[in-house]
Amino acid sequence: MTPDTASVTPDVLLAPLDPAYLADENPARTGLRWSAFLSADALPRAAALLLEAGWHLEDICGLDVREGLMAVYHFDRMTSPGRLAIRVLADRETPVLPSIADIYQGAEWHERETADFYGIAFTGNPNSMPLLLPEGMQGHPLLKDAAARAPLAALLAAQGREDTVLRKAEGFTLLEPAEDAKPAKPAKAKAAATEEGADNA
Amino acid sequence: MVFDILHLAIILFLIAGLAFAGGPLILALLVAPRARGGDLGMSYECGMRPHGNAWTRFGINYYVYALLFIAFDVDVLYLFPAAAHYHTTVGWAAFVEICVFLFFLVLALVYFRAKGVFTWPRKIAL
Amino acid sequence: MAAQDCPVRPPLIAPATGGIDAPIVNVAPVQKILDVCRAMSLWPMTFGLACCAIEMMAVGMARFDISRFGAEVFRPSPRQSDLMIVAGTVTRKMAPALVRLYEQMPAPRYVMALGNCAISGGPFNFEGQYAIVEGVDNLVPVDVYVPGCPPRPEALLEGLFQIQHKITGRRWWPVPAEISGSMGGGA
Amino acid sequence: MHSTETLRSHGPACPAASADGGCADDQIAGDGYTCHFEQGARPESLILNMGPQHPSTHGVLRVLLELDGEYIVRAEPVLGYLHRMHEKMAEVKTPAQFMPNMGRVDYLHALAWNWAYVGAVEKLAGIEIPERAEYLRVITCELNRISSHLLWWGAYLLDLGAFTPIMYAFDDREMLLDLLQLMTGSRLTYSSFRFGGVYTDASPAFVQGVRQFVPHLRSRLPMYTALVTENIILRRRIEEVGVIPQDMVARYGASGPVARGSGIAYDVRRAEPYSVYDRFDYEIPLRHEECSMARYMVRMAEIEQSLRIIEQAVESLPDGEHMHPKAPKPSFKLPAGESYFAVEGARGKIGVWIASDGGKTPYRVKLRAPGFSNLALFAECARGTLLADAVAILGSLDMVIPEIDR
Chain A
1 MTPDTASVTP DVLLAPLDPA YLADENPART GLRWSAFLSA DALPRAAALL
51 LEAGWHLEDI CGLDVREGLM AVYHFDRMTS PGRLAIRVLA DRETPVLPSI
101 ADIYQGAEWH ERETADFYGI AFTGNPNSMP LLLPEGMQGH PLLKDAAARA
151 PLAALLAAQG REDTVLRKAE GFTLLEPAED AKPAKPAKAK AAATEEGADN
201 A
Chain B
1 MVFDILHLAI ILFLIAGLAF AGGPLILALL VAPRARGGDL GMSYECGMRP
51 HGNAWTRFGI NYYVYALLFI AFDVDVLYLF PAAAHYHTTV GWAAFVEICV
101 FLFFLVLALV YFRAKGVFTW PRKIAL
Chain C
1 MAAQDCPVRP PLIAPATGGI DAPIVNVAPV QKILDVCRAM SLWPMTFGLA
51 CCAIEMMAVG MARFDISRFG AEVFRPSPRQ SDLMIVAGTV TRKMAPALVR
101 LYEQMPAPRY VMALGNCAIS GGPFNFEGQY AIVEGVDNLV PVDVYVPGCP
151 PRPEALLEGL FQIQHKITGR RWWPVPAEIS GSMGGGA
Chain D
1 MHSTETLRSH GPACPAASAD GGCADDQIAG DGYTCHFEQG ARPESLILNM
51 GPQHPSTHGV LRVLLELDGE YIVRAEPVLG YLHRMHEKMA EVKTPAQFMP
101 NMGRVDYLHA LAWNWAYVGA VEKLAGIEIP ERAEYLRVIT CELNRISSHL
151 LWWGAYLLDL GAFTPIMYAF DDREMLLDLL QLMTGSRLTY SSFRFGGVYT
201 DASPAFVQGV RQFVPHLRSR LPMYTALVTE NIILRRRIEE VGVIPQDMVA
251 RYGASGPVAR GSGIAYDVRR AEPYSVYDRF DYEIPLRHEE CSMARYMVRM
301 AEIEQSLRII EQAVESLPDG EHMHPKAPKP SFKLPAGESY FAVEGARGKI
351 GVWIASDGGK TPYRVKLRAP GFSNLALFAE CARGTLLADA VAILGSLDMV
401 IPEIDR
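Residue numbers (the working numbering), protein chains in the order written: chain A, 1 to 201; chain B, 1 to 126; chain C, 1 to 187; chain D, 1 to 406.
Be aware that one or more of the hints could be misleading.
[Said to hold, decoys possible] Below are the DSBU-like pairs computed for lysine-lysine, each with C-alpha atoms no more than 35 Å apart in a straight line: (1) K168/A with K333/D; (2) K144/A with K326/D; (3) K144/A with K333/D; (4) K326/D with K168/A.
Just so you know, the hints here were simulated from the structure itself, not pulled from any lab data.
With the hints as constraints, model all of the structure from the sequences given.
What follows is the structure, given as structure tokens:
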């Protein structure tokens with residue numbers, strides 16, 4: 001219950017890590033308070049900073065999108081609640097992310113679960129056995145067919161979510177609608193992220 | 001020594017006891033169907049294959065407890081004949097002898113207690 | 001789910017092996033008497049897997065009280081039980097353990113598939129499923145199927161009556177008015 | 001059949017372990033998990049499977065134990081024996097088709113999962129809920145919480161060797177289930193919440209029944225206390241056992257009674273207020289002992305607080321619709337976007353994250369199970385304790401396996 005750590009917002013906290021994208025979100029719309037895109041290398045440092053500031057890890061969600069495999073880390077605080085989503089993108093061919101199980105021990109199982117479902121390898125996770133799937137299982141059940149994959153922008157930026165973008169790196173194009181995105185009301189209330197013009201293919 | 005009704009009773013009692021214990025086993029052997037095959041012979045460990053064999057090192061504190069148990073079991077064994085013939089004794093001599101016998105056993109208890117055998121910590125540091 | 005890019009192939013599962021030898025004294029009148037004894041004192045194994053296990057617990061408690069019918073001695077060990085109530089979803093990871101537990105039960109042994117999951121996979125039997133066994137009868141021989149998701153405790157009791165019927169060849173308890181004429185099983 | 005036979009007993013092959021010497025000698029090998037587990041074990045210790053078929057793991061949890069005599073050197077829960085693909089099903093079924101699954105994720109507090117999923121969909125699709133439905137949700141969800149805690153109480157004490165409490169608990173629980181049956185139509189795996197309301201309106205019999213049930217259970221609680229809580233055997237058995245310090249709660253992301261038993265006043269109903277919980281007067285039970293007894297006391301106090309909420313909700317139950325007139329048809333399409341909705345379940349914070357690309361079915365649904373995080377700390381908590389105390393710790397975490405395995 002120390003007010004100094006509780007009042008530090010993630011944008012200040014994560015600033016030294018130079019997140020590619022950081023938005024102040026509308027919790028009434030998405031249930032999130034902040035969202036950030038981080039590079040894989042910055043993830044363990046971010047986790048260490050967050051643990052120190054009193055955040056706990058809620059879950060790690062894998063996500064199979066057109067841009068690659070993504071892991072979404074949801075953090076929350078017990079003292080002054082507000083959910084933070086940290087999104088890290090991994091390469092589809094060699095999906096490797098650093099493990100944060102040495103910082104958040106609870107992450108070990110979440111990472112193993114994500115490894116089961118998506119085949120993302122977490123380097124540094126102390127246990128390599130499958131968590132939920134049986135031994136000898138081949139394949140990763142939650143991976144999608146190439147045709148069924150959606151672009152990230154369609155999932156995370158499609159609605160009028162009234163985010164306030166706090167930081168955005170040069171050349172960050174993940175949340176801009178792809179050209180073949182479904183015409184599911186893309187024009188209506190675009191996300192703030194799409195306002196900067198850099199073409200995306 | 002004359003064979004009297006008491007001896008017959010004892011023999012009958014023994015036979016009845018054996019039948020009580022062995023009868024169901026023999027009956028089951030005769031009238032029950034028997035399962036075979038599969039993992040029937042495997043030792044049961046919550047449905048999993050047991051890992052490693054049972055010849056592992058066990059905690060030394062189990063041995064001490066077993067020793068204590070046996071010591072007091074044997075102790076009762078020796079006290080029983082003494083108790084059965086106690087009423088034929090005269091004077092305090094027998095009582096003192098039994099007390100001496102018990103005293104040495106109690107010494108063992110004191111020794112084990114001093115060694116800390118009776119304190120089982122709820123949690124050990126690893 | 002046809003032609004996936006990353007095919008998901010779960011490990012194969014194998015049914016129970018082994019069998020049951022006939023008793024040495026295989027005389028019909030003796031076995032008939034023994035069958036009545038067996039049927040009236042079934043010792044179920046608490047093989048609680050999922051939701052149905054809670055209803056199985058409820059059956060053992062005061063309101064439904066399975067001990068009225070002689071089957072209240074729930075045993076966790078297969079060595080001491082003769083009725084395996086498969087209460088819940090059997091996953092492929094669990095299947096070897098289930099088969100092993102069945103094989104470790106002494107004869108005579110009976111199996112009750114309690115709930116839709118144990119019967120066919122229930123709601124989890126969808127196209128593209130990778131984790132469950134579609135019916136416990138793929139693994140072990142099943143004597144009685146009790147449908148429901150989960151079955152009500154009355155249905156479990158009816159399943160027990162059906163097993164008793166199967167063992168002794170006659171029904172011992174009155175048929176409830178609502179389900180008379182049907183196969184029983186309730187729910 | 002011979003090929004499948006080798007697969008069924010895939011233990012002896014144990015390829016990974018035999019390569020680097022784990023099971024190289026003529027010992028009997030378990031399966032891959034035990035072989036992997038043995039690599040970190042001391043040569044003299046005994047490796048034991050506790051579960052999946054074990055009465056005190058409350059389902060099909062398997063815990064690998066490395067034992068030094070009676071002490072646990074290392075413990076490793078092995079999950080997945082009840083993995084039922086809920087997250088996969090959520091991607092191939094429409095939200096309305098997926099609703100029945102929510103009754104089966106956590107069968108003891110099914111309505112909280114109902115609520116989390118319904119809430120996430122409602123938030124994403126912007127569906128409104130009438131006030132009466134909110135109250136009905138609160139009443140049924142809290143009744144369900146009590147039934148969950150009652151069952152935990154009975155089962156936990158059964159683990160510890162007391163048989164009477166489970167009889168008493170089921171006695172009261174059956175009354176509760178009768179009430180919930182009136183409202184939801186089923187005994188256990190409820191899925192009565194709908195997008196935009198609840199399935200049925202409360203009948204007068206239900207309201208009357210709840211009014212009678214609250215004082216009844218309240219009169220039973222002192223007896224529970226006298227029978228069990230003040231029992232010296234129980235206190236000796238679980239006090240100062242399974243101490244979970246606050247930093248451990250944060251590192252593992254534990255929540256619910258596990259966090260509140262460690263002195264962290266975190267309850268989603270207060271932290272992220274949802275529905276109409278802010279209108280009721282209730283307390284968040286809090287204990288600072290950090291042990292199994294603290295978690296026990298928190299749960300017992302939560303029953304009383306839930307009764308308070310139910311009492312207030314029934315008294316102030318507004319008239320009106322139980323479904324919003326603009327509630328969508330079951331075949332509605334989710335708009336594109338994401339939403340996260342968290343509720344307080346009997347075991348802690350339940351979260352559902354939905355990401356949708358605007359198709360018929362959600363693109364990805366993540367179920368955040370409180371038991372998953374709570375059970376994760378068992379390995380650290382049980383280190384160095386007695387095997388008998390591990391049962392007490394495991395029970396005090398109150399796990400429900402299908403929720404953990406999903």
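How the hints compare with the structure:
1. Under the criterion of a C-alpha separation no larger than 35 Å, the hint pairing K168/A with K333/D is consistent with the structure, at around 32 Å.
2. Taken as a hint, the K144/A and K326/D pair is honoured in the structure, with Cα atoms around 34 Å apart against an allowance of 35 Å.
3. The suggested pairing of K144/A with K333/D holds, with an alpha-carbon distance near 20 Å, which does not exceed 35 Å.
4. For the hint linking K326/D to K168/A, the alpha-carbon distance of about 39 Å lies beyond 35 Å, and the restraint is violated.
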